[in-house]
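**Student:** Line order of the protein sequences matches chains X and S.
According to my numbering, the stretch in the first sequence is residues 18 to 158, in order.
According to my numbering, the stretch in the second sequence is residues 5 to 218, in order.
Keep in mind the hints are simulated off the structure, nothing from the lab.
Pairwise CB distance ranges, derived in the manner of DEER restraints:
id, chain 1, residue 1, chain 2, residue 2, range
1, S, Ile31, X, Asp140, 26 to 34 angstroms
2, S, Thr46, X, His101, 33 to 41 angstroms
3, X, Leu28, S, Lys136, 42 to 50 angstroms
4, X, Val51, S, Pro95, 25 to 33 angstroms
5, X, His101, S, Thr164, 16 to 24 angstroms
6, X, Gly47, S, Gly155, 28 to 36 angstroms
All C-beta atoms in this analysis are idealised placements derived from N, C-alpha and C, irrespective of residue type, glycine included.
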Amino acid sequence: MYSWSRTVPALVLVMFLASAVLAADIDSDGIPDVLDKCAWDSRNATHSCDTDSDGYGNVCDGDFNQSFATNVIDQCLALAGPGHCPSPGAPVFPRAPSSVGDDMDCNGTVDAADYDLFLQNFDRGGPGPSGLACAGVPGCQ
Amino acid sequence: MKRNVLLAVLLSAISAISVAAQAATLIVTPDASTYQVGEIITLHVVGDPQGGSARGIWGRLLFSEALANHWIAPTQSTHTIAGVGPARVGPLDQYNNSYSQYSYGFSDAFNQLFGEVPTSVEQSTISVIRLKARREGTLSFFWEEQADGHGNQLTYFDATPPRPAATVTIVPEPRAAVPIALAFLGLLASPRRSADQSRTTATSARTLPSSARP
Chain X
18 MYSWSRTVPA LVLVMFLASA VLAADIDSDG IPDVLDKCAW DSRNATHSCD
68 TDSDGYGNVC DGDFNQSFAT NVIDQCLALA GPGHCPSPGA PVFPRAPSSV
118 GDDMDCNGTV DAADYDLFLQ NFDRGGPGPS GLACAGVPGC Q
Chain S
5 MKRNVLLAVL LSAISAISVA AQAATLIVTP DASTYQVGEI ITLHVVGDPQ
55 GGSARGIWGR LLFSEALANH WIAPTQSTHT IAGVGPARVG PLDQYNNSYS
105 QYSYGFSDAF NQLFGEVPTS VEQSTISVIR LKARREGTLS FFWEEQADGH
155 GNQLTYFDAT PPRPAATVTI VPEPRAAVPI ALAFLGLLAS PRRSADQSRT
205 TATSARTLPS SARP
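Isolated chain X, as found in the complex (with noise of 0.2 angstroms):
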């Protein structure tokens, strides 16, 4: 004989856990950490762009080379854009921002406040952590 006396409380639990998951948001932003393309930086909540189309948030992502490193060489492009490393000169501020997603906090214009987000970003050590399974993969929206 069938029991649904258990079956009913443990289909319960599995919902409560189900949306507990869905609706984790450990940054607060309002953006459930499983749609957060930058889960612990609430900052993408207002500057929500994603240039490069990597998963990652522009304002959490100073991973310009998509080479999960954020290091001098996205340093080269966050000061000057493509077309100017590996030897910048001075930097190039302001300007229009390319397709590596150097306008960092989506404003339209890439300016010294990029920069400052590009090294918060350096002394992290690399782009996320994003909500999305697809993260890091091109296309990841």
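Keeping the supplied structure of chain X fixed, place chain S upon it in accordance with the hints.
**Tutor:** For chain S alone, coordinates are given in the frame of chain X:
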């Protein structure tokens, strides 16, 4: 005239040697040439900028993850920039399972930013990387370059280190060598035994009466 030509050749040779002497160097030195499985491999990375200038440095050593894996987090010395203070130091990464795009192990040796314009630093760069030997074989270390396909490039002033940067040999640990040796001896003995067996079978077949043969 001939003397002037000789003098010019001599002067150009001297200037070429002096330019070469100014190139930055980057040397990886293991603390031994041979390790047993399970032993710790310690690599000392010493770089000398030779007065060169740069906006920063970054270097990642690649190696076979089947032969060795990282043991302790790598360390790097921090450069001091004259009139500014310590360089901005980034984290040193190591291979882990989140890097599915890498089919080999890696360990970063240095990761620092000096400024927005090329800056010279006087001190040497010293990093220490420790790995654990996993399996016997020849283990080589390579600085990651663009050609390796991940977009990263060794950046250490104008240094062009050798490829591979270092090579060590890993041998089985003595305890593991005993069963391997026994197995080897067993293999050597087995053809003789099977040959003896087949000879015995053939002899007994010959001694069987013809009616009993299949």
